[in-house]
Every structure is written in structure tokens, then in C-alpha cells.
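Colleague: Sequence:
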Amino acid sequence: MSKRRKKKRSSKTKRWGIIFGIELVLILILIPVVFVYAKLSLIQTASASDVDKANIVINNDVDATTQKALKGYRNIALFGVDSRDGSLQTGARSDSIMVISINQETKDVKITSIYRDTCLKVPGYGFTKATHAYAYGGAELSMSMLNTNLDLDITEFATVDFGVLAKIIDAVGGIDLDISDAEYSLINPLIDEQNSVTGSDSEYISGPGYQHVNGTQATAYARIRKIDSDFKRAERQRIVLSKVFEKAKSANIGTLLNIIDTILPEVYTNMTSTDLISLAKDIFSYNIADQTGWPFEKETGSLPSDGLSYVFADSLEQNVKELHEYLFDNEDFTPSSTVSDISYELYCETGY
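In my numbering, each number is its position in the sequence shown, counted from 1, plus 12.
No lab work stands behind these hints, which were simulated from the structure alone. Some hints could be false.
Once the Cα atoms are required to be at most 20 Å apart in a straight line, the calculated EDC-like pairs of lysine to aspartate or glutamate come out as [what the hints assert, rightly or not]:
no., residue 1, residue 2
1, K261, D318
2, K310, E258
3, K83, E337
4, K119, E258
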């Protein structure tokens, strides 16, 4: 066989080897993508008639510096509802309101709990508790409320029922919590309630202290309120959420698939499959850098119009300034005239 023929055959073999290698790589990429897309079909996706991004209010008087700062972050609203009938769209009050801010460059994540009893201006309804917005107009109105009062640009959300939290915690093998004497005094009746609602059969907590808990026990812990305040309740919710996230990051593939199968049918969101995949691909790069509750400086009291107990930002304008510095490292932030006007209205009515 001539050298030319050997060279030609060698070249042809090499070319087919390259093509086969490329095809193999494409298949390896395609399989997880198809799998993820198939799993995402389990999610309850918000239709345009339910949540229309064009209807979400974003203050148009936010200055250029703030707009530039916001572009480096992805802000997502997370609503936890306590829905006994499984409805995640409207009607149920949001038991938990969180703003998840993701630094697109560093992948640092900051979680801010908006206290559910905070007095905010809800478009079309005036001043009321932040938790009421979801009952009045679902995620669309709740995001509009957050943007209007806090100068944010949120257009993405996810809503989950508190019942699914227990399932996720069980899927990761439970979490460790330090339960105080006061928390212990109220947690077991809440475990009873969770068992009744979800059909689970969880044991009671046997005493206070640092211990490993299952999903029902951890969810009951996150719902404790009467011993202290909405502030501490929000803190307990953030503790549980961050512990679950850290365990999920170190979980094996079987556990992760179990979590996916558990949580996705219980999620209601307006994020597309492409949006969710863009989040999922960086899951192991995310780092929960910090978590806090808002407002930072606050007072409790009532509105003359209804006499209900509220949490008041003292003042709204100052608290929004501090929020933007905390979330976006924006020390030059100036609240929009919209926020300043709302803050002044609140001051005139409440003194805060």
C-alpha cells in the first residue's frame, strides 16, 4: 500500500473520530438539557392573563445611577403561602415575602425578608399590610408593591406552598436547628397542625437545644410567631431556607432528582424554562452571602383608618436607602420621588 493511500485512510479515520467525538459531546449535553426541560413541565406556569410583565409597576423616576446598579443583579420575589386548598395564584395571603438578589458576576446571593405586617402602599388599595397584596392581586400586584415602595425592578417570581417545605427538607435528609426554650413551648402544637394539614405523622420535639429535625418539625419551627414577633419568625424562615440550600448543594444526584420531583409540581412561577435553566446551571456557584429582614429601623403601631397592628419603616425613605446599599453596594442611591412621596404620606399619617 502506498504512503499516499495510508495517509488518506489515516486522515479519513481521524476525521470520523473527530465527528464521532463531537456527536458524543452533543449527546452528553443534549441528554441533561432534555431531561431538565421534561422536569420543568411539572411546574405550574403563570399565564400572561394571570401575570403580565407589562402590568408590573416599576418606578419610572429611578435615577440613572440606580438603574445601572440594578443591571448587575437578578432580583426574584419568593412568596410562601399557607394555602389549605393548594391554590398558589390569588386569595391566599403571602405568609413569607422574600427578595432574592443574585449578583450576576460573583454569584453571591442575598436574601431579604419583607416583614409581612409592614405597612406599604399597594397600587389600587392604598396603605395596607404587605401580606395582603398577594390575596388582592397575586404575584403581579405583590411585585408591583415591592417595586413601588422599594425602587426595585422585580419582574420574576416563584410561589410555593409551605406544605412543600417539609417535603424538601425530608428529601435532603433533614436539617440541624438550635431550638430555644421559648420556641420549644410552641413548636409541638404546630407539628400537630402540620400533621393534620399534610397527612404526615411526625413525632414531637422532645426538648430544646441543638438537634436534627425532619421536614414537618422544621416547618413548624419556621411558622412559630406568638413568642416574639414577625421579625423573629422571618429570621427563622431564612435560617431554614439557607440550611436547606446548603444541604442541597452538597447532595448526590439521586437526592437532587428527588428534590426536583418533589418541589417542581408545587411551584407557581412566571419564569420560562430558559429562565430556570439559566438559574439551575449556576446552582453550585451560588453562595448565600447574607440574609436580613426589612425594614431595618422600624416601629410598631396602627393606622388611624383601621386600627390594625402594623410594622412601620422609620422612615420608609431612609430604609430604602439602606436597602439599596445592603443589596447592591450602592452608597450613592437616591430614592425616587415616588418613594419620597410615599414616605411623606406615611409620616403625615403615622409620624414615622
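Colleague: Hints numbered earlier in the text: which of these fail when held up against the supplied structure?
Modeller: 1, 2
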